[in-house]
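Protein chains in written order, with our numbering: chain A, 1 to 471; chain B, 1001 to 1471; chain C, 2001 to 2107; chain D, 3001 to 3107.
Treat the hints loosely; a few may be bogus.
As the list claims (entries may be wrong) - Listed next, the in silico DSS-like pairs over lysine-lysine satisfying Cα-Cα at most 30 Å (straight line): (1) B:Lys1082 with C:Lys2025; (2) B:Lys1420 with D:Lys3025; (3) D:Lys3025 with C:Lys2025.
For the record, the hints were derived by calculation from the structure and aren't laboratory data.
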Amino acid sequence: MTALQTIASLVYLLSAICYVIGVHMMRSPKTAKNGNILSGVGMIMAVIMIIIEIINDGKIDLGGWTALIAGLVLGIGYGVIKARKVPMTDVPQLVSLFNAVGGGAAATIGIFDYLHVMPSTSISLIFSIPVVLDVIIGGTTFSGSLIATGKLSGHVPGKPITFPGAKLCNAVAILAMLAAAVLVIGFPTNWWYIVLALGASLVFGLLMTLPIGGADMPVVVSLLNAFTGLAVAFAGFVINNQVLIIAGALVGAAGTILTLQMAEAMNRSVANIIAGGFGGGDSGTSGAAADVPVNVTETSADDVGLQLAYAHNVMIVPGYGLAAAQAQHEVAELAKLLTDAGINVDYAIHPVAGRMPGHMNVLLADVHVPYEQMKQLDEANQMFPNTDVSLVIGANDVTNPLARESGNAISGMPILDVDKSKSVVVIKRSMSTGYAGVQNPLFSEDHTKMFFSDAKKGLQEIIAATKQYLD
Amino acid sequence: MTALQTIASLVYLLSAICYVIGVHMMRSPKTAKNGNILSGVGMIMAVIMIIIEIINDGKIDLGGWTALIAGLVLGIGYGVIKARKVPMTDVPQLVSLFNAVGGGAAATIGIFDYLHVMPSTSISLIFSIPVVLDVIIGGTTFSGSLIATGKLSGHVPGKPITFPGAKLCNAVAILAMLAAAVLVIGFPTNWWYIVLALGASLVFGLLMTLPIGGADMPVVVSLLNAFTGLAVAFAGFVINNQVLIIAGALVGAAGTILTLQMAEAMNRSVANIIAGGFGGGDSGTSGAAADVPVNVTETSADDVGLQLAYAHNVMIVPGYGLAAAQAQHEVAELAKLLTDAGINVDYAIHPVAGRMPGHMNVLLADVHVPYEQMKQLDEANQMFPNTDVSLVIGANDVTNPLARESGNAISGMPILDVDKSKSVVVIKRSMSTGYAGVQNPLFSEDHTKMFFSDAKKGLQEIIAATKQYLD
Amino acid sequence: MSQQLYTNLAIFVLSLLVGFEVMSKIPATLQTPMMSGANAIHGVVVVGAFVIAAEADNIWFYLLAFLCAFFAAVNVSGGYTVTDRMLGMFTKPKASSSNKNAGGDKQ
Amino acid sequence: MSQQLYTNLAIFVLSLLVGFEVMSKIPATLQTPMMSGANAIHGVVVVGAFVIAAEADNIWFYLLAFLCAFFAAVNVSGGYTVTDRMLGMFTKPKASSSNKNAGGDKQ
Ligand SMILES: NC(=O)c1ccc[n+]([C@@H]2O[C@H](COP(=O)([O-])OP(=O)(O)OC[C@H]3O[C@@H](n4cnc5c(N)ncnc54)[C@H](OP(=O)(O)O)[C@@H]3O)[C@@H](O)[C@H]2O)c1
Ligand SMILES: NC(=O)c1ccc[n+]([C@@H]2O[C@H](COP(=O)([O-])OP(=O)(O)OC[C@H]3O[C@@H](n4cnc5c(N)ncnc54)[C@H](OP(=O)(O)O)[C@@H]3O)[C@@H](O)[C@H]2O)c1
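The task is simple: from the sequences and hints, build the whole structure.
Spelled out as structure tokens, the structure:
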């Protein structure tokens, strides 16, 4: 190795260390932000090093510079603007978009090097195998992630999309992908085969993601994140660059574990999700019918206002419906109203309330709910027995006492013990079930009252009513 | 690389994977045993591979074979017999002995290759730096670990050994070691310097370990374990063998983290320990004087027997004194006596009771105490309020309520809430303090009675008394 | 196998192991930021974009290089920006920030 | 720097990272077995003993090789044996084993 190569290798190794330590620091809320910054520093080091390398190399021509700089400028502009403007709850679709482009970039590297290097050098498995892996994983991630983005942002219907013969199509796509892979490796001089591999993988990514319900998407996004990591690692093999290999493999493995943990947190299995899952779809779509007839007590905004105004301790339990109705501002307003009147208000935050891990924390932090009021699962559960009114807003599964029993879709999931509080008010639009499609016996308990309304509208009415009683 | 080298490299990589997964599995009690077996399988793979390599190489001569086989046979014989016969509570000294020989082997490799390869090849830093690191770390570990073994097994006095000018000697040893290291690197053809480096490191290991008290030894052993790992990794650099590098670095890093965790579990800092620490020494030596006069109620074997015979729930709280008195059989006998009479008996096991992590678990498992009766910290603490008699045997710090207050040596250490049980009986020889040197106010509480006796003798008397009352 | 391939393979395997180990037991609330953080890291593919841009020598290759640079730049710049923003929400808000929003002011 | 040295350095660094990560949050009761298990792993130095024995060519070198082989063999054989024994104590005892010892029989 030349002196510069030596330095470059060491810098890349150092930047890889930054990624690892960065990720490690992201495991705890206190150090998380610095962890991400450290990982960014590693990234900047790697980029500076490669710039020095290609300048020193001197091979790059004007066209190369133009393509590179144009691509970078446009890409950075687009990426930063997107990332700055995105509402926090839309992060999963953004991550998914970044997975798509990351996978796309990795696949492009594979194709480029294949077309560029291949004809001139002798054909070796050592080259063609990583190229193929890079291209098919990158291609699958690209199209799969775009569909996932679409589903999460509503451009593609969130409900599982299936059609007659979908299974067959899927099988054909997988076979075509594998066949193309074998052909590229077997006949590396025929460049049509790599195009075929790319095409088949794009179709496969599409077919894999379409039948998965929108609510399962965060898990799928995490899985595709791991895929992108692997594609990048194989791109590293193709261009023989160690920082790509290390960082890619790191993300590949870490992403896989993270995916398993996410699925576990919501009591699903990854295999189940990929296979289409049980309920699938958004709660709005799936949990339509209330199959068990239940006796519930309805209440009105006026009653709720009265109850709140005369309570000492109020616990707000936000769920997916709050996010869906975009009612976070109203919640904060109501809470302020009550705290100003000397009533203790806290929020009980379930780790998987909503549709992405940490959804509720992000949602409430965004409207400046004080950190001290957000109680995590264990803490909240200790507080319920002393709570006068639990106000459940668009939450369902995370409050379902059936989780304590066995034999249903949410068995064993830790829940918020809302049923232990002195009285409960639930705001939701109907009796339909939540994500897991399980009826919630909490709703028919004696001390529970249902206020059927859209979360935003209902809260506005409650605010008005409460004001009346507080005056 | 030749075909065989390729295979060897891959096998070494595979065996390294076995170590990592093995260690990972050892993190949970259920998979721990299989984890160790997997790591052993990795080891066997590596050994088989190196045998194939040296046979294929054909360079080894009769003398080499003889030395090798003689060394292996004797070593395996000695190692296995030692490991089979050792009482479980003497494991730390055995681990320390194995650290010594591991470090010794690593240092030997460095010296061998230095003497063997050096004169013939051109002198390069790439060779001399790892050799020096290997030799000085290996040498330090060798002598340091032997002292640690001696202290733990009683051949070397457990109390901190210091003498006038000890600090000066230490500084001289460190300087000599560093100077020798620089000389070897600067003048690699003069083999006296490597001998100097080895000698200085041996002296340094000795001086580093002698001033540390016996009770701190488990932490020191763990630290030297990490050192040995590093020495082995550098030996890997010297002979250019990747399995040594991976496994050595793995142990080096893992051992370092483990050391920090051990120290934390007993509320010490590693720096503190290496610097000689506060109390130092065994409880027998250090905690001699009870500096606060306390009013305690004494009791007799007869009284204790009566109390036990008429209790419903008894909790046994074992501590270092139980191990020191070797009274585990008596404890189990007493427990059996009581359970046979229909009394519930459990053991409250503090993670750092005794002198090594898990000491009490090992001690009690060795005398076949049923697994179900051993309650870990949290579980035990839930049981104390319903406990009629807590029988504290040779435990002190782990029951000290002062830990809940700040400003003393055990502040913040989680403790067993023995003081919350209905009545307490403490068996120890005197009012002297335990490892941390802090007086224990539990002993002077109203519902606590002291039975001053050696644990073994005292228990025998209690057994006799209890039998009387149960008949 | 060449020494180089072995190097690549060994670091690939070891990096996988690091990845597996570093990710054990992430609290659920940090899973989304963690996913986003990992997502930013695979933006390292931008290094590859430089490498191929340096090798491009005709219009098609320029195009591929442009595409790759664009994709990778979106990933890396957006990834770090959004992760940073999101992690900002997980730290205690400072007492200073003004509350334009409705309620829930500091007590 | 040679490719080989780079390989060694890279795997050294990555292995350190693996080691750091794999060891997070060990329950105190498993710390001693874990220490012992790690101790067994550095018995891999026995591979080095083979390597130098193959190179030894005079009596002094034979002696060093013997010493190294002996040391390493003690470490590796004893390390695994004692770890295995100790871990045996941390698993639930089977109802079968006879109790030669005084008390505390299964209930
Ligand atoms: N956090 C994650 O990472 C994640 C990711 C994927 C899945 N999940 C799963 O999602 C579930 C989360 O539990 P959750 O209690 O938050 O939600 P949920 O169980 O899905 O229930 C949400 C409820 O909100 C109501 N709702 C919907 N839109 C509403 C609106 N505009 N106004 C008022 N109410 C509305 C729905 O009932 P109506 O239709 O009657 O109004 C529905 O029952 C768990 O099962 C979890 O495993 C979580
Ligand atoms: N587990 C570990 O890994 C480890 C390692 C190093 C240090 N430590 C530290 O060691 C302490 C462990 O707490 P612990 O409560 O188990 O022990 P301790 O606080 O050290 O107290 C042990 C007590 O046993 C008594 N004792 C000694 N020999 C006895 C005998 N033959 N018969 C009866 N009693 C005897 C002593 O009092 P008398 O002299 O009055 O009899 C002493 O007060 C903690 O501070 C921990 O941090 C633990």
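Each hint, compared with the structure:
A C-alpha spacing of about 38 Å is found between Lys1082 (chain B) and Lys2025 (chain C), which places the hinted pair above 30 Å, so the restraint is violated. With a C-alpha separation of about 29 Å, the suggested pair Lys1420 (chain B) and Lys3025 (chain D) falls inside the 30 Å cut-off, and the hint holds. For a cut-off of 30 Å, the pair hint linking Lys3025 (chain D) to Lys2025 (chain C) stands: about 10 Å separates their Cα positions.
When the structure is compared with the earlier hints, a violation turns up for hint 1 alone.
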